[in-house]
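Participant: The lines below spell out each chain.
4 protein chains.
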Amino acid sequence: MKIRIIITGGTFDKHYDEIRGNLTFKDTHLPEILKFVRCTVPIELELNQLIDSLDMQTANRMQVLESCRRAPEDRIVITHGTDTMTETAEVLGKAGLAKRIVMTGAMVPYIFNNSDAVFNLGCALIAVQLVPVGVHITMNGRLFAWDDVQKNRELGVFEAKRA
Amino acid sequence: MKIRIIITGGTFDKHYDEIRGNLTFKDTHLPEILKFVRCTVPIELELNQLIDSLDMQTANRMQVLESCRRAPEDRIVITHGTDTMTETAEVLGKAGLAKRIVMTGAMVPYIFNNSDAVFNLGCALIAVQLVPVGVHITMNGRLFAWDDVQKNRELGVFEAKRA
Amino acid sequence: MKIRIIITGGTFDKHYDEIRGNLTFKDTHLPEILKFVRCTVPIELELNQLIDSLDMQTANRMQVLESCRRAPEDRIVITHGTDTMTETAEVLGKAGLAKRIVMTGAMVPYIFNNSDAVFNLGCALIAVQLVPVGVHITMNGRLFAWDDVQKNRELGVFEAKRA
Amino acid sequence: MKIRIIITGGTFDKHYDEIRGNLTFKDTHLPEILKFVRCTVPIELELNQLIDSLDMQTANRMQVLESCRRAPEDRIVITHGTDTMTETAEVLGKAGLAKRIVMTGAMVPYIFNNSDAVFNLGCALIAVQLVPVGVHITMNGRLFAWDDVQKNRELGVFEAKRA
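Residue numbers (our numbering), protein chains in the order written: chain X, 1 to 163; chain R, 1001 to 1163; chain B, 2001 to 2163; chain W, 3001 to 3163.
I should point out that these hints are in silico values taken from the structure, not numbers from a laboratory.
Hints are not guaranteed to be accurate.
Unchecked claim - Derived lysine-lysine pairs resembling DSSO-like cross-links, with alpha carbons at most 27 Å apart:
(1) X/Lys99 <-> X/Lys161
(2) W/Lys3035 <-> B/Lys2161
(3) R/Lys1035 <-> X/Lys35
(4) R/Lys1035 <-> B/Lys2035
(5) R/Lys1151 <-> X/Lys35
(6) B/Lys2035 <-> W/Lys3151
(7) B/Lys2161 <-> B/Lys2094
(8) R/Lys1099 <-> R/Lys1002
(9) W/Lys3094 <-> W/Lys3161
(10) W/Lys3002 <-> B/Lys2151
(11) B/Lys2151 <-> X/Lys26
(12) R/Lys1026 <-> B/Lys2035
(13) B/Lys2094 <-> B/Lys2002
(14) W/Lys3035 <-> X/Lys26
(15) R/Lys1026 <-> W/Lys3151
(16) X/Lys151 <-> R/Lys1002
(17) R/Lys1035 <-> B/Lys2026
(18) X/Lys2 <-> R/Lys1161
(19) W/Lys3151 <-> B/Lys2002
(20) W/Lys3161 <-> B/Lys2002
(21) R/Lys1151 <-> W/Lys3026
(22) X/Lys151 <-> R/Lys1035
(23) R/Lys1035 <-> X/Lys161
(24) W/Lys3035 <-> B/Lys2035
(25) W/Lys3002 <-> W/Lys3035
(26) W/Lys3002 <-> B/Lys2161
(27) X/Lys2 <-> R/Lys1151
(28) B/Lys2151 <-> W/Lys3035
(29) X/Lys35 <-> W/Lys3035
(30) R/Lys1094 <-> R/Lys1161
(31) R/Lys1161 <-> X/Lys35
(32) X/Lys151 <-> B/Lys2026
(33) B/Lys2035 <-> W/Lys3161
(34) W/Lys3099 <-> W/Lys3151
(35) X/Lys35 <-> W/Lys3026
(36) R/Lys1002 <-> X/Lys161
(37) X/Lys94 <-> X/Lys2
(38) W/Lys3161 <-> W/Lys3099
(39) R/Lys1099 <-> R/Lys1035
Note that the coordinates shown come from a computational prediction; the quantities given were computed from them, not determined experimentally.
Using the sequences provided together with the hints, build the complete structure.
Facilitator: Spelled out as structure tokens, the structure:
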């Protein structure tokens, strides 16, 4: 059972530019992470885009949807910025693909000591092996359906819409 | 949906004793980990024992089983040394409790830069929310039933018995 | 021989704000660092300011100078942003205090896995015990006099003016 | 001014063997460390041996002395296990080479999150540029002469013999 990981950037893959002193993108850290977590699940990595999700336009989300559609794999993990993750999830959810899709991201970039990125990736990789067909989000150790999740921007956590 | 995490020690929670220069146990790192991974799932932590799983005797495994039995929660994650994880899984599996139990551990202690502990914990916390009643093991990004898993000691990975 | 560490902020002490997704200041990491590096030199920590050195005005540099002047200690380490470290060094150098002052900073914040902050702090703490009276900068494993150092902004390294 | 770093192993360079679950040696981490700390001092790395200093025999210490003698560089840093660092320092000190030698090590291996290795390396690299001819040890942010230093094994710190 091969899993495709579609990489779109987001806080997860932010890189620190020491010359400019800011957070930006350079490359994905997924190959490095998958190695040290000792993952033996067959993975197909796809670098779809490296973008802050606040900068995502409709075309960007269509590019993610198109990748999901084209993927030969039935099970897909998507790394995505948290700010508009639910918007892309909605685009994917409404498309109604017969695939198991789990989106995740990070509140703290992987390159920080105390990042949630590796934990979230673990959640997503197992979730995608167990969920039914449909689009899901995993953050904060929880799993949400695409149409019942929102980011609480004050607390920096994801929560169900229906309390 | 509250999840109980039963801590038994293992490589996951190994501590470096800088005076003696060896790996030993001092305390669990679970509270610290659950905080920085930003977990919002209600968790009940239970420090069952802190032991190298090579030192586990029947009484130690019974102590784990008894904790599972007594737990008011239906969903239980167990951190455990990898060397005899499948043996404890067998004890739990044969007991046939009507609970969802997911065991995990680490090949590299949490305190190392390149540990698999946090990833494995993510896998276990999501798995326990999705699996049917029974005893499971998650390692290497994969999920196994208790009666179809073995540790490949040469490669340091878990694999299904039935190739 | 007590050493005063005057903290002014800079990249060294940058903090990641996971709600806003940017690098900012919250508190200094010096107490935590001094503990795990097992420093036994008596240290007096002074939180002078927490500021990006690009935002430093004359008043900010005067505040650092005034702290150096008032300090009962003869040996002073200053953590400072790299962008205008040489400017503050010039202010301190021209003041001609009869003290041993060593400035340092970081190109990558301490909170990143691959930060140079801890290394630079080691350099500064030893240097201040060995240098003659005057103002010095240590970065990149090298020691510079305040009037013969510049930051090479393309390479992100400090170098002597007189090649 | 080129600096030679003579590597002998010790806790500094300990590696975690995830198959056997113990700390051992595999290779030195110095090239990786020197890169991320952004060191621009010309360095000549010499892998002299990779050994726990408790296992060091006379021949091992002679091998270090011989490397110091043969080195074209005047300034030498030696990474060494802490348990018998003072013994090797005595061998080197009594040899009376006309070189500046600074020994250091680590109480916690570099591969741990909270290691003192990188800090100690910073201390040693700056110290060797400033000390007079002779053999020195830097640990805990302090600098000691080879004939006035001992390891306090209860506290895990280095201290002067003459309190």
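Participant: Check the hint pairing lysine 2161 of chain B with lysine 2094 of chain B against an upper bound of 27 Å on the C-alpha distance.
Facilitator: Between lysine 2161 of chain B and lysine 2094 of chain B the Cα gap is close to 17 Å, so the pair holds against 27 Å.
Participant: Holds or violated: lysine 3161 of chain W with lysine 2002 of chain B, Cα cutoff 27 Å?
Facilitator: It holds: about 19 Å lies between the C-alpha atoms, which stays within 27 Å.
Participant: Are the Cα positions of lysine 2035 of chain B and lysine 3151 of chain W separated by 27 Å at most?
Facilitator: 18 Å, holds
Participant: For the pair supplied as a hint, lysine 1035 of chain R and lysine 161 of chain X, confirm whether the alpha-carbon distance does not exceed 27 Å.
Facilitator: Cα-Cα ~23 Å, so holds.
Participant: Is the hinted pair lysine 3002 of chain W and lysine 3035 of chain W satisfied, with a Cα-Cα distance of at most 27 Å?
Facilitator: Within the cut-off at roughly 16 Å; holds.
Participant: Hint check: lysine 3094 of chain W vs lysine 3161 of chain W, CA-CA at most 27 Å. Holds or violated?
Facilitator: 17 Å, holds
Participant: Sort out whether lysine 161 of chain X lies within 27 Å of lysine 1002 of chain R, counting only the CA atoms.
Facilitator: Holds, at roughly 19 Å.
Participant: If you draw a straight line from the CA of lysine 3002 of chain W to the CA of lysine 2161 of chain B, is it 27 Å or shorter?
Facilitator: 19 Å, holds
Participant: Is it true that the CA of lysine 151 of chain X sits at most 27 Å from the CA of lysine 1002 of chain R?
Facilitator: 21 Å, holds
Participant: Run the distance test for lysine 1035 of chain R versus lysine 2035 of chain B: straight-line Cα separation, threshold 27 Å.
Facilitator: 22 Å, holds
Participant: Going straight from one Cα to the other, do lysine 1035 of chain R and lysine 2026 of chain B come out at no more than 27 Å?
Facilitator: 18 Å, holds
Participant: Is lysine 3035 of chain W close enough to lysine 26 of chain X, meaning Cα to Cα at most 27 Å?
Facilitator: Cα-Cα ~18 Å, so holds.
Of the numbered hints given earlier, the model fails none.
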